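Undergrad: The residues making up each chain are set out below.
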Amino acid sequence: AQKVTQAQTEISVVEKEDVTLDCVYETRDTTYYLFWYKQPPSGELVFLIRRNSFDEQNEISGRYSWNFQKSTSSFNFTITASQVVDSAVYFCALVSISGGYNKLIFGAGTRLAVHP
Amino acid sequence: GAGVSQSPSNKVTEKGKDVELRCDPISGHTALYWYRQRLGQGLEFLIYFQGNSAPDKSGLPSDRFSAERTGESVSTLTIQRTQQEDSAVYLCASSLGWGDNQPQHFGDGTRLSIL
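The listed protein sequences derive, respectively, from chains A and B. Position one of the first sequence corresponds to residue 2 (our numbering), numbered consecutively onward. Position one of the second sequence corresponds to residue 2 (our numbering), numbered consecutively onward.
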């Protein structure tokens, strides 16, 4: 079965704090892709990152970084020095061959509120 | 615009009525997807189109739901005899193709409210 779990329903931080959003996934496949999307209050889903299962290197993009660990089936997302504009719902998602490579399996999302 | 376009942005209708939602994918994107997002929840896959191949309808929740796509252009999602449980945001996404896992780019969605 394919499943994505985002255990944190809501997180509230003060601006400039670092925050990590957790994502744990389940799949029997050895080849799969993981994604993070941001959904700001305006509603549109914004693609942030895609990572394939063979590349465990951590990635940094500005204030965003991602930690992929196959040993714990986790793909966590850290925002450094958070800003009010980071307030959004963040979704982790999985695509794998068992799922047909065309269905994103989404977690329930984590709502991040960054206060000034 | 260059993004995925969905219309209407909001739709309010009475229970039992039929509704039709429209999606214009990004030009050149051969793959098109429909998802449903209930309030406070993640996205549920509904249906997928890739070129002229038979669509993957495995996510459609009931036979009241159907979707069409002409070639690699516009898609319509139709819900017949709407129920209150159909209230949700319906999101359309498109991507360059299938199998190479190009990111799916989403529209702003249609917020459907069934009274």
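Worth flagging that the hints you see were computed from the coordinates, not collected in a lab. Keep in mind that this is a model prediction, so the values were computed, not measured. Hints are supplied without guarantee of correctness; some may be wrong.
With a cut-off of at most 30 Å between alpha-carbon atoms, the simulated BS3-like pairs for lysine-lysine come out as follows [claimed, not checked]:
1. K4(A) - K18(B)
2. K17(A) - K39(A)
3. K71(A) - K16(B)
Now the stretches of chain B that chain A is said to cover, found in silico as 3 or more residues with beta-carbon under 8 Å [unchecked claim]:
4. 38-46
5. 104-111
Just so you know, even glycine gets a beta-carbon here, dropped at the ideal spot from N, CA and C.
Undergrad: Hint by hint, note whether the structure agrees.
TA: Hint check:
1. Taken as a hint, the K4(A) and K18(B) pair is broken in the structure, with Cα atoms around 34 Å apart against an allowance of 30 Å.
2. The suggested pairing of K17(A) with K39(A) holds, with an alpha-carbon distance near 19 Å, which does not exceed 30 Å.
3. For the given pair, K71(A) sits about 46 Å from K16(B) by alpha-carbon distance, which is inconsistent with the 30 Å threshold.
4. Only residues whose beta carbon comes within less than 8 Å of a beta carbon in chain A count, and the segment 38-46 of chain B has 5; three or more means the coverage holds.
5. Residue count for the segment 104-111 of chain B with a Cβ under 8 Å from a Cβ of chain A: 7. That meets the three needed, and the coverage hint holds.
When each numbered hint is compared with the structure, violations occur for hints 1, 3.
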